[in-house]
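Asker: What follows is the residue order along each chain.
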Amino acid sequence: EAGVVQSPRYKIIEKKQPVAFWCNPISGHNTLYWYLQNLGQGPELLIRYENEEAVDDSQLPKDRFSAERLKGVDSTLKIQPAELGDSAVYLCASSLERNTEAFFGQGTRLTVV
Amino acid sequence: QQQVKQSPQSLIVQKGGISIINCAYENTAFDYFPWYQQFPGKGPALLIAIRPDVSEKKEGRFTISFNKSAKQFSLHIMDSQPGDSATYFCAAEISGNTPLVFGKGTRLSVIA
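Chain order of the listed sequences is D and G. Each residue of the first sequence is one higher than the one before, counting from 1 in my numbering. Each residue of the second sequence is one higher than the one before, counting from 1001 in my numbering.
For reference, chain G alone in the conformation it holds in the complex (with noise of 0.2 angstroms):
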């Protein structure tokens, strides 16, 4: 059983477009939901993160936004790069019981 359930599997945007993740979760006791984002050859990073007594959290060029109700969440990119071109996982957790629960990712180009 898939917990955390995440669209599209591959993703390709233009330079300075908008990039959209979608993640599904079925768990209502998570609380806790990051982005990870991963680089060829490389660990995954943590990217941003948000908590479910918000609805949305932005750093820089990346915003969360999270529906409580319908228990998804999603990764907006703006003006995308081509530096941004990876891997993208989104995660949840139960904070202080289980550990990280990754989606299986969507892998982003972002073509000049």
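So here's chain D without its partners, still in its complex pose (with noise of 0.2 angstroms):
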């Protein structure tokens, strides 16, 4: 069974441009979350699906993020402008329903230069 998939690995793009990551949750798992995961230290969370619907998204900065999760499956997150600070992996989770195991991706890594 696949994993949780997430695209790019890697984006490497200049202040001010915008970049947006794809994910891919496991088959059936009806919670999609967005963590970001800046170098040592631990996930934090940005958003939270509960199917299509954004359930938990006050870690979420509105003016430059934002995600949708059309039909309920895969989701996007963009950045619009990227700033410097945003350099960080970006991870991408689901789990069958919410409070049970959570599968991570990859991640994808980001870097503004």
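I should point out that these hints are in silico values taken from the structure, not numbers from a laboratory. Misleading hints may appear alongside valid ones.
To be verified - Capping the alpha-carbon separation at 25 angstroms, the derived lysine to any residue pairs in SDA-like fashion look like this: (1) G:1005 x D:59; (2) G:1042 x D:88; (3) G:1058 x D:65; (4) G:1005 x D:101; (5) G:1068 x D:13; (6) D:11 x G:1039; (7) G:1042 x D:65; (8) D:62 x D:13; (9) G:1104 x D:83.
As the structure is a prediction and not an experimental result, all values here were calculated from the model.
Got two chains here, separate frames each, mind docking them using the hints?
Answerer: See below:
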């Protein structure tokens, strides 16, 4: 069974440019998470979806970040415009439903120069 | 405010030794405490988890000890192996309410 698939694995962009990340969760998983992981830190939740509904986005910087999960399956996370401080690993995770085991993808490492 | 405090930041253990990583939490409403293991370039993977109705849970060489009154829990890795070298994160959540909050991680190096 395929795990959580994220793309791209790596992305280097100049500041002020837009960038998008894509996540395909495990088939049948209703809950999807986007986490931010800075170097040497633990993951921090950006947004959580229950099916297509964003139920927890309090930590998402809405002035530049946006996310969507059309049809309640795969999801995209967008940053526009990117800033130097956005350089980090963006992790997607999914779980069968809320508060069951979360499975993480390999992440997208973003470098903003 | 950091809800889950993890220590040490890094740990070096001899092969065959015991690795111990500690976490402390503030919110007494937390009722699920997992440990995640992360290798370089990979996402975190669930290693072992415990709920506060038990004081200890063991799976193979990995044991969680839970002290509800002290609001602390720890991961013990017995007979540590070089393949255990990774970053370990403790986490906590309130079931049915909040998603996982993670500690800052412990980088474990097991040397031969």
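Asker: Evaluate each hint against the coordinates.
Answerer: Cross-check of the supplied hints:
1. G:1005 x D:59: holds, 20 angstroms
2. G:1042 x D:88: holds, 14 angstroms
3. G:1058 x D:65: violated, 41 angstroms
4. G:1005 x D:101: holds, 21 angstroms
5. G:1068 x D:13: violated, 46 angstroms
6. D:11 x G:1039: holds, 20 angstroms
7. G:1042 x D:65: This hinted pair holds, its Cα atoms lying about 24 angstroms apart.
8. D:62 x D:13: Given pair residue 62 of chain D, residue 13 of chain D holds - Cα atoms ~20 angstroms apart, limit 25 angstroms.
9. G:1104 x D:83: holds, 23 angstroms
Consistency with the previously given hints fails for numbers 3, 5, ordered from lowest to highest.
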